[in-house]
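Residue numbers (this note's numbering), protein chains in the order written: chain A, 53 to 744; chain B, 3 to 361.
Simulated from the structure, these hints should not be mistaken for laboratory data.
Fair warning: there could be bad hints in the mix.
Said to hold, decoys possible - Label-pair restraints from in silico Cβ distances:
hint : chain 1 : residue 1 : chain 2 : residue 2 : range
1    : B       : LYS200    : A       : GLN135    : 19 to 27 Å
2    : B       : SER14     : A       : ARG229    : 37 to 45 Å
3    : A       : MET290    : B       : GLN48     : 16 to 24 Å
No experiment lies behind these values; they were computed from the predicted model shown.
Even for Gly, the Cβ is constructed at its ideal location relative to N, Cα and C.
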Amino acid sequence: MKAKLSLKKALSTTFIMAVTLPIVLISLVMLFLLTRNLEREITNKQMFLATALSGEIDEFLDEQQSVLGLIENYVAQERVHGQNHINRFLQSVVDNYQFFDMIQIVDRTGRVVHVAPDREDYLGINISGYSFFKEAYAVNRPYWSSVFTSVHTEQPTIAVTRPTETGMIVAYLNISRINDMIDRLYIGENGWAEVVDRNGSYIAHTMKSNVYQRINRKNDHVVNRGLTGYPGSYRYRMDGKEILSNVIVVPATGWPIIISQPSQDAFKSVQLARNIFLAGTCGAFLLASLIALGNVSGILRSIDGFAAWIRQIANGDYQNISKIFPEYREFSELAEDFLRMTEAVQSREKALRASEERYAMAVLGANDGLWDWDIPNYRLYFSPRWKEILGYRNNEIQNHPDEWFQRIHPDDYDMVIREIEAHFQGQTDHFHNEHRILHKNGSYSWVLIRGIAVRDNEGHPYRMAGSLTDITGRKRNEQRIKASLNEKEVLLREIHHRVKNNMQVICSLLRLQSNSVQDSHSQMVLQESQNRIRSMAMVHEKLYQSKDLTEIDANDYLTQLIHYLMRSYAIQPDQVEVNLYISSIQLKIDTAIPCGLIINELVTNALKYAFPEGRKGRITVSLRMLADDCTIEFAVADNGVGLPEGFSLDDSPSLGLQLVITLVRDQLQGEMEMIRYPGTSFRVRFREVKAC
Amino acid sequence: MMLIIGCRRFESIKIGFVGTMVGGFSNASINGRNGVQLAVEEINRQGGIHGYPVELLVKDDRFDPEVALEVDRELYRAGVVAVIGHMTSNLSVHVLPEINRMKLLMVSPTSSSNQLSGKDDYMIQIYPPNKAASSLLAENLMKIRHRSIAVAYDLRNPAYSEDWLEGFTQDYVSRGGQIAAAYPFASGLSFRFYQVAKELLASQAEAILIIANSKDTAMLSQQIRKLGSKLPLYASDWALADEIFQYGGPAVEGLIVPTLFFNEKAGERYARFKQEYQQRFGTEPSVAAVLGYESAQLIFEGLAKTKRYTSESLRETILAIKEFQGLQEAYVIDPFGDAVRSYDLVMIQDNRLKKVSLP
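If we strip away everything but chain A, and leave its shape as in the complex, we get (with noise of 0.2 Å):
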């Protein structure tokens, strides 16, 4: 699977990230203080200049209307300095003040009683029809009128009243005087100022031509805000560009003044710092977008380089490992570690090899068929040699579990799923089954499945792997060798039977030969030659019966044996009492023959021998394993009358008793003891051959 997130990508960008995002920040935020402040700076200082405009205006008025109550003053004199006197002043005042063209002095009728410069046209004629000269009669006072073009200059104009008791004096005022104080200002390259009558019209523009045609300004925003008693900062888009007007209003004419820049030029310092700022914001960005590009490559060159390494692992190929040399300590160290790790690999790598080499030896010497379970996929995986198995070609089976499923015999069926879910459930360590499964030729034959799951951290299986063995040999030879066995075991247990019978009629001849003879010594042999027979027909007897014909119980036997005794000579239970001692031990024929004849031996002597002449008494008879579960040790012990004096066993003529020492000796490979008092008691000791 590959991730689709690029590791240089994602490097890069936290990087730079980390280090623009608070550069960005910071000069945004310096931007907007320092953007604020500079506009309000500027703004303040365009207002600065329309103030001080407006002063300067304010002071030139004030100076003409001076001017004005000195020629009134003047004229009110009339009678002392002449008519003369009086044009002779007019002509010095008109000479000092050139801001002034022409100065009139009017009758209430409007008629030019005076006038300087000394013009002809302009003495004598009526004025009257001026508007200004109706509007300075109805306000009384000091005046100064809108803009016209003056007749006698073709210029426009502003004429400035002023009322006197006899009419009143009329100046005109060159307003390029004004003009020329605008031009001492400095508004930027493109900056302008203007100033503008009550009535909208200009009297002075930066842009002279503008004055000349009286454009009218009424209509225009800021014109309008300054006529309306409105001054103030505006910022407005003019013919595609955003203008920076700051309007302020002459106090004593009501002429708005206007100082005006395109917020371009105007701002051309906050422009400036924020390129500043821009271009310092994207140096830092570039910077940073090196230092983290040249970090990450630095980086991935090290990725690379481990890339390479590992390619060429995966590749299988150790023996070329380029050596590189990374640009940082951790990765330095990494690549220390990765080529140890390398090594590791590569060792383990060979040991793999090594073992897989072991194992495919292996399965190819068991000539096993393998299989690997994809349990959450439901799909398995069987070798081309399981498949072979079962008389298919490797293409003929596909990697499904019911290839395997539905080919399990019926009757095993069940059983396979239980084990197979009991080894799941984590019943069983492996899993281990033998079943028949169908070949391809349409025969059952029986397989060996050995396998193991793999779990995961819950203990789930996910995986199951293991091998398949071919035993249909193996059962075969099985059933024939359990065949055989069952019938060897059936012709053992009628020879048991067929010995057990001989001896049986053995015993019958012996009994009717001891019929026939008188002599009861003779009767006695024969009896004790019967009991004998008897003893080892009762082994044969026990064997047959029993589950493995080897062995018999000896507590069964041999308490048969002595009751059988007991019946045999006619003892009454009162008479002799017989206490049985015998523990369930399993003897084999070899040893519970001997062991049998010693027992009736010494049990027949001590019924015909201890207890004469009606006399009571008690036998017992005792047989156990000793604790070092070795030993057999039996017993036959009676409180008769005991052995005759100087009895020694060695030199009894007794056949019995020989008989026994024989048996204890040859077949038994024991030892005897003989305990003489109380009564008699014969102790033996041998050690069980299948025991030890």
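Following the hints, complete the assembly by docking chain B onto the known chain A.
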């Protein structure tokens, strides 16, 4: 390439205004421009022409024939669909061949020279030819038996003043009148009207006719009255601008002038225009302002109906429309682009124009 240019969308319809914006001849032009400007502002407030705003380009011809040609070419290059101007006959006569060559439609509000009339050209005159005015005056002078008259006329606008005088003289003399004196002058800053007045009075004529602009007419009237003369004063229609009252004052009381417009004639349309003009510019509209406004209205009406926004198409459309509604009366533009409208004689009384009815 032509196709691309042909398909190019334009953002506004440009019209030009040319007049004498500075100096002694500037009053009519400035008033005329104000009239045009008011009309443009009005149409733009109403959403322009078919959605296109009208853009007004103003040029100053400085009362100089060469400058006049130059600014006309500049406007042509700027892509104007029509030019309103020039405001004096002299300049209009001078530029006529060039505008015909450029096929640039020119609508003159105030040019009235007879030299401009009766021609199949690219100039449309809102103002009727001088002949109509001068004939009316000559006819009436004879009615009131002024048999001799002294004339002062401004040489600086000869296409108007000489044309006017010539027309007047023909009519007046043919009716038995006599031109006692014809005094040409070229007023300037140092010009002495007083001297002209004296010479006019010295001619012993029964009346004085002044063919000059409002300012010069007013100044000359002032000097005549200053000299104590009570001779009847007459003036050409050029004199009728707002300034005549300002500069003339009581001296122009009784002055008789042939005119197209006067307040008494005014209807509701004019009253509304006058109110708006006063609100906008702070003064009463002069004749030039009225004519400027009407010129713009004529162009807008033509533009609203023309198929293409070109001078040629616009001219054809205007000539086809033929009848237009002026501010005070309806008028006709004849196939030569000359206005056909009637004059009245008015007298200045109490700073107002009053129609004079002569027996």
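Comparing the hints with the structure gives:
no. : hint                             : result
1   : LYS200/B to GLN135/A: 19 to 27 Å : holds (23 Å)
2   : SER14/B to ARG229/A: 37 to 45 Å  : holds (38 Å)
3   : MET290/A to GLN48/B: 16 to 24 Å  : holds (22 Å)
Checked against the numbered hints listed earlier, the structure breaks none of them; every hint is satisfied.
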